[in-house]
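*Asks:* Starting from the known structure of chain A, fit chain B onto it as the hints suggest.
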Amino acid sequence: MLLLIRSEFRKLTTIRAPWLLLAAGPLLVVAGISGLVESGGNVHDPGTQRGALAHTGLAAVFTLIFGILAVAGEYRHSTITDTYLSSPRRGRAITAKLVVYALTGAAAGLVSSGVALATTAAWWADRGGHLQLSAADTWLTLAGGLAASCALAAIGVGLGALIRNPAAAIATALAWFAVIEGIAGQLLGPALARWLPFYASEALSRSNLSATTRLLPQWGGGLMLLAYAAVFAATAVTTTLRRDVT
Amino acid sequence: MAEIEVRGLTKEFGRVTAVREVSFTAPAGIVTGLLGPNGSGKTTTLRIALGLVRPTAGEALIGGVRYSRLARPRRVVGAMLESTGFHPGRRARDHLKVLAAADGIPLRRVDEVLDLAGLTSAAGRRVRQFSLGMRQRLGLAAAMLGDPQVLVLDEPANGLDPGGTAWLRSTLRDLAGQGRTVIVASHALGEITRTVDHVVIVSAGELRFAGPLSEIGGTHSALESAFLTLTTALT
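Protein chains in written order, with the working numbering: chain A, 1 to 246; chain B, 1 to 235.
Hint data in this document are derived by calculation from the structure and do not stem from the laboratory.
Think of the CB as a built atom: it goes at the ideal place given N, C-alpha and C, for glycine as much as any other residue.
Here are the in silico distance ranges between beta carbons for each label pair: (1) Phe-13/B with Thr-235/A: 15 to 25 Å; (2) Glu-21/B with Leu-187/A: 44 to 54 Å; (3) Thr-229/B with Ala-234/A: 48 to 58 Å; (4) Gln-132/A with Ala-71/B: 51 to 61 Å.
Bound conformation, chain B alone:
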């Protein structure tokens, strides 16, 4: 099982401590929500887990190894980050073909994920013509390209319409149901209560809570009040 394990993670950017001694586990087979206000260290934590940012202390392991040790990373971990970009002049299908080539993923998989993301009819269009929601779908298609055991998604519901949000929710639950590890960073609490099983709450770079959603109370209002208490108490 490829769980995500974060141990004593600290990251300082100059004088700013973005993440301070954060530890948690995102187990396989469920959806874990990484929650926190803007600037709380969610994105930094995920970037460290993906080898994009070097931690000051601690480590993040995926299935027991660091991301940088993975030989064919996209076949193990699918990631979508807010800052993941697209070349505006490249067609959606070509974007996926570039990524597929780097990990030796067969090209038929490109059409499969385009279909999964509902982008088949837009696959031949250049990304500059895409709406925010379509870019999100393309990012999700890219994350699923390698049929990975682990999915790391940063604000995946941004810009999705209600149909897209429902599709995302059922997709993530299906993936977790197949035994995969899914971690979703978000500040959209309403959506999260309907998607996740397990929550990790961070604020000002520190861990405030990690455990099953049911421990906080599985409703939107219970999560909201817990979120506000946990994230404002010490600031």
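Same shape as in the complex, but just chain A:
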């Protein structure tokens, strides 16, 4: 297993595409926080500070796409053949990917959190606000964004193993994120909607985009997202085992 993990890390470090994708996360954080301040966000309001820091959670959408490419990208380039030749016990190959992508997703979340903190600090200094570093709220928001980046990367690995066409898998994920979950949430009603994956992710990263929905508590969102990651991972492993690679 350690050898497979090392091989997966080497796959990542020998191509540029995943790093360009992950670099988009911190850029989104900078742009998002700047937009929030420029559009009249009140730097004296603790809620605005939390909203700024919660952009870390939004950047997690890039770790989701990053995760999708773990397996679907291998199908696109037919490198999956070599992966399964190296590891005919396919469950181990997928597990190695889950480990590597979740860790890398967490690292990307860490970078995004750092960038969010620095960007917020810079704007707050510029606008004469007081950054409340001591508030537990600050660290919980940043940690939540980091955890969401990690979990969404793992969910992406599972999704990409289920939908092996990368364009279709990414389109499905983004459509779910942008449209479907909102509609499903309305159909289910707020009591059930908050259990859906992206509402759970919002709760975890405290990025309350859909202010109308009553979200789970942060820890509840985290557990729910972990459960989704486990279900996706298990489905990915089991469906991969029997499938013919032609």
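*Replies:* Frame of chain A; chain B shown alone:
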């Protein structure tokens, strides 16, 4: 000795039977040619032997065990399939290093197989810049990475220039001469008569012939007429 043994292999894809009750042995120490027209089931047979496709019935064993039972598969079996892909943005040496890592193969072996395949000077280039022939060479380098006792190659001569073809022929004969098992699927009969000792002919998923090339007549024209008779007779 790690021979390849195919026993009663059948594979159905939906309603299509790609392979029907095929049995043959590819012995160690010689080159076996797996011949047949397009769509005859050659590739499916090899994919089953490599654990990529699950047979409907029968089994394929390598040295008496299934591929999926091998703990360090690349050290036992080297494979090159037509569909084996490369990430276009990855450098040739990095491609081999990824594969080496998965089986704990030392990195100096990467440079050895690059040299064997004549790719040393191109090792730092991204695969998107490679010609078809260079990709074939990289695929062969990957197959030899684990210094395996068994080589499974699907149309390895595709896209190779005359120099490459001659290199491939002498390499395969050398490997077999060292007691390794080599099986080569191909429809390029001319090349095959100069490379293989043993032929297995399949058509429409069924076995038509398995035996020494000399039984058919070791010349290109004899093999061609036998091939055409055997592969068209029942269709």
